[in-house]
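So the protein lines, in turn, are chains A, B, C and D.
Under numbering that gives the first Met the number 0, the first residue of the first sequence is numbered 0, with each subsequent residue one higher.
Under numbering that gives the first Met the number 0, the first residue of the second sequence is numbered 0, with each subsequent residue one higher.
Under numbering that gives the first Met the number 0, the first residue of the third sequence is numbered 0, with each subsequent residue one higher.
Under numbering that gives the first Met the number 0, the first residue of the fourth sequence is numbered 0, with each subsequent residue one higher.
Any given hint could turn out to be false.
[To be verified] What follows is a set of in silico ranges between Cβ atoms, one per label pair, in the way DEER data are often shown:
no.	chain 1	residue 1	chain 2	residue 2	range
1	A	R38	D	D46	31 to 41 Å
2	D	V2	B	W125	24 to 34 Å
3	A	I124	D	D46	49 to 59 Å
4	A	D46	B	N82	30 to 40 Å
5	A	L101	D	V2	56 to 66 Å
6	A	F134	C	R50	44 to 54 Å
7	C	Y68	D	V2	30 to 40 Å
8	C	R8	B	N82	36 to 46 Å
9	A	R50	C	K98	28 to 38 Å
Calculated from the structure, these hints are not laboratory results.
Remember, predicted model here, so these are calculated numbers, not experimental data.
All C-beta atoms, glycine included, are put in the ideal place defined by N, C-alpha and C.
Number of protein chains: 4
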Amino acid sequence: MLVSKTKLRVRYGETDQMGYAYYGIYAQYYEVGRVEAIRQLGFSYKDVEERGILLPVSELKINYKKPAYYDDEITITTTIKENFTGVRITFIYECHNQKGELLNDGLVTLVCVDKTTNRPCKVPIWFTNALAPFFV
Amino acid sequence: MLVSKTKLRVRYGETDQMGYAYYGIYAQYYEVGRVEAIRQLGFSYKDVEERGILLPVSELKINYKKPAYYDDEITITTTIKENFTGVRITFIYECHNQKGELLNDGLVTLVCVDKTTNRPCKVPIWFTNALAPFFV
Amino acid sequence: MLVSKTKLRVRYGETDQMGYAYYGIYAQYYEVGRVEAIRQLGFSYKDVEERGILLPVSELKINYKKPAYYDDEITITTTIKENFTGVRITFIYECHNQKGELLNDGLVTLVCVDKTTNRPCKVPIWFTNALAPFFV
Amino acid sequence: MLVSKTKLRVRYGETDQMGYAYYGIYAQYYEVGRVEAIRQLGFSYKDVEERGILLPVSELKINYKKPAYYDDEITITTTIKENFTGVRITFIYECHNQKGELLNDGLVTLVCVDKTTNRPCKVPIWFTNALAPFFV
């Protein structure tokens, strides 16, 4: 299992007139979480694109429990539960505030797309190899 | 059944470096869709807040089929499938591009919250009354 | 002189916890304004990019007079005051709310960049030709 | 003189189809910069609002020199050049990338507004007192 924790602060421009972090901003927070999770593998998401793989999102789910407020420090926990075998990659998320309260949980599924053909393709072997040590 | 259609164009600032409308922007598009759906009831979402009801999101799901590109004209179809009986309100979504291709479908569930107590409350009677004619 | 007017509504996700449309969102509103201004010339901003010209921003100025609120209908007035002779293009802006109150004014200057060389270049002749009738 | 440096990474959702960090996102980066500058004074921007002072923006200026790209590490340098005497507060900005290249410079002016009267007011004495040691 790969577990990655990243912290960020809610920006003023991310709040809405309820005083909450806008519900749509978590798509961006989850993206920050998976970028940092991938960095643990020894390459960056940028490298993935430069090696010819795009990773568009095919599914997003978020269950909201509690709102975050301006200047809250959010911990995003990103988990990869099993190594990839097909064309899809799933990331599991939890966001907590600085009091340790669960704000929301969710998941994002990405599809591997070959940049040259613009068609779905299997997760590359260098990606699954980098992940393998986390599933011993 | 209440069905509402709204159109908007993908802004340049909403694209990402893949050239796609960023996956997180649909949370905002869905919000535009439900605001226009509510306007059909004879009041605005703004009125709802002014009458003391907040409607934070408790659940978001999106299944992405195809990307939208800069300057595409998106039609957001928002559907309310049944009148509300509890504390939650569910909106069903589909986004299509100008060629009629389905880009994504999804749902958003809102919770009714009483602004004074900051606690969940039943969907107000003036709201369900306004919806009733759509479910005859 | 080319003058273009576009309307849009302030989205919920664009407000902040003061209840104002976030000050940074006007960069996006101004972009919407200039896209519609360019459309009057018989081609789209998208066409401009497809013809090999990028138009990154070199300067942004906004003077804020009054805030906009959620669901306000904003009229963006975009003006091109003189035809282009060099590598830069300047757009002048005013935003008004539905009561006709001036919310802010400002300007954006773009630089013409040749996509193949990635270097600044003169505004293409087909662009200045399309603008010429507005400066007779 | 108060000088504050903050680092952040360009998020994927902040890029546009040119592959640049969208020009409008710097309004948010500048906001992050001034929040961290204020934190050096011994209170937070959140505290300022809780003490009854709102600080809406009255002026924004940005001169763009070079673009930032996805995953670039940006250093935002925020400077307050003199203590405040009236109703306005000005912050001077520079953004650099990880190679030390200047991406843009600019300024933001805020107006002090009394939350109860919703009218401009003088910068409070506890604010100028906290700043005083930086201008000895």
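Task: Violated hints, by number in ascending order, as checked against the structure - done: Result: hints 2, 4, 5, 8 and 9 break, sorted rising.
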